[in-house]
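Q: Residue-level listing of the chains:
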Amino acid sequence: MKVFHTALGLVAGLLASTVYASDTPAMSKGEYLTRAADCVACHVVPGGKPYAGGLEFKLPFGSLYSPNITPDKETGIGNWTDDEFVDALQKGVGKDGKHYYPAFPYTSYTQMSREDILAIKGYLFSLEPVKQMPPENKISFPFNQRWGMMFWNAIFASNERFVPDSKQSAEWNRGAYLVQGPGHCGECHTPRNIFQAMSTGNSLAGAELGNWMAYNISSDAKYGIGAWPEDAIVSYLSKGYAAGFGGAGGPMGDAVEHSLRYLDPADLKAIAVYLKSTPARSEGIPRPTMAVNDAALQKGLGQKLFNDTCVACHQIDGSGRQSPAGGLAGLKTVNDPKGRNVMATLLEGHTPTAARVDQRMPDFARSYSDAELAAVSTFVLRRFGQSDGEVKAEDVAKNRASALH
Amino acid sequence: MQKLMINGQEHNLDVADDMPLLWVLRDVMGLTGTKYGCGIAQCGVCTVHLDGQAVRSCVLPVSAVAGRKVTTIEAVGEQAVGQAVQKAWLDHEVVQCGYCQSGQIMSAVALLQEHPKANDEQIVNAMSGNLCRCATYTRIRAAIKSVSQA
Ligand code: FES
Ligand code: FES
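Top to bottom, those sequences are chains D and P.
Residues 82 to 486 in my numbering are what the first sequence spells out, letter by letter.
Residues 15 to 164 in my numbering are what the second sequence spells out, letter by letter.
I should point out that these hints are in silico values taken from the structure, not numbers from a laboratory.
Idealized CB from N, CA, C, for every residue including glycine.
Here are some chain P residues the structure puts well away from chain D; computed CB gaps all over 12 Å:
(1) E24
(2) H25
(3) Y50
(4) E88
(5) A89
(6) K101
(7) E107
(8) Q127
(9) A149
(10) Q163
Which residues of chain D face chain P? A few of them, derived with a C-beta cut under 10 Å, are:
(11) L378
(12) K385
(13) T390
(14) C391
(15) Q396
(16) R402
(17) Q403
(18) R437
(19) D439
(20) R441
(21) M442
Using 25 Å as the maximum straight-line C-alpha spacing, the simulated BS3-like pairs for lysine-lysine come out as follows:
(22) K303/D to K320/D
(23) K131/P to K385/D
(24) K385/D to K159/P
(25) K159/P to K380/D
(26) K380/D to K131/P
(27) K385/D to K419/D
(28) K17/P to K320/D
Looking at chain D on its own, in the form it has when it is part of the complex:
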């Protein structure tokens, strides 16, 4: 009966809300927001049932596992009331007053209105319940004392809803809401301070994420996305690449696959409009100029491997042979002196199921040694970038250990 009431409430909510209603007819508002918030990114394990959780988060002080958010009463959130669900997303406090760790991005979701959050709940409750208990968290003392999060929250979590800026356009406000709220872009793209909180003075300046770099996406023309035309940002978010600007790999590839490509073009444009107006942060990796360096063409392992393995799709001039997604010139990835995303892509490949077949890349972790992957990465950095970067065999060895799954 409770579910029924919730559903009724939702329908009323849907009719009443016009500000953030999506106009994708095929998708309910709840499903759309669940996509926009990319809940599935964390609440699933590879090959597992969507929203049933169990994904491990390795943190400096232990391991956390994402919970089951299907409506199963025993192992999921089937018994949660509306207030409990809203508190979880806005305050980071779960049922029974348990404080979450900020691996759960309530610090961003808090911007969402109660109505939007309940739309998400309505969608989750419409799914098939899955009986699956996530593993116990393994967090060491004192971090296992969840009440400690109260102090953290008091300092770092704002518990404030998004307030539109009346001086800006409706489009800008929509973009700001999507980026700061459900989209939780800053959770990866904003560097964290020593307390693991997003550093507000450095918003969207880029941060490291495992083997990957989440680049600076502030409005800075050189270091951020300020020089990207809006169309390029929309292409990147909807298709996973923008020729000559960027390709979404690793965790960002997942974000495109599970979340961003489902968003309305108008919403993606709103995101672009907002991102291009954020405070410029001049740090991180600068975009390279679109040029190839002929001095890098030297006989050696790197060039040999590139010719054997990479030219078929990328071409020796980096223009991309058959798909604009194969273009290397102009990407920040080839200008990172440490070549982090080059290495990560070689080790993990790029195989989102949504990407067209000519946009996929196999992984090379199993076919080449550390020294070989280091040589070809260095070749790519020198040929297409201007950072004079270098990848060493030790770097590959270190990243290989965490890349193979």
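Got chain D; can you put chain P with the ligands on it based on the hints?
A: Positioned in the frame of chain D, the structure of chain P with the ligands alone reads:
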């Protein structure tokens, strides 16, 4: 329905958007001169020309070639460079088992169309994506050079 321009002729084919061009060529059109090797753009046997550029047809969804000109090994001999390359291949008796050779010829023709006087380095850069398990590489290079120096 896909509208394709293959070897100078227009075809309207009822195939799925994401069907690889190689599949369309071989199974739908019966143009079996283009071969299937790895299916992941690693061996080069499936090479055809797309607006004159060598591409791997195994990873090219047919929807990506709509409105562009596709040339396969069956028709490459209608072009002057194609003819010269095929003749050089015979003169040098390049072929051993032959499986990789349509791909090799397509890559060589694309190279020589772009760089009629291709030097050693350009030959290596353009041809190294085409594998030959019979290792006819030295004869391939000699045949290409005979055309580029002619
Ligand atoms: S079959 Fe296309 S490259 Fe091998
Ligand atoms: S001639 Fe046999 S594979 Fe090349």
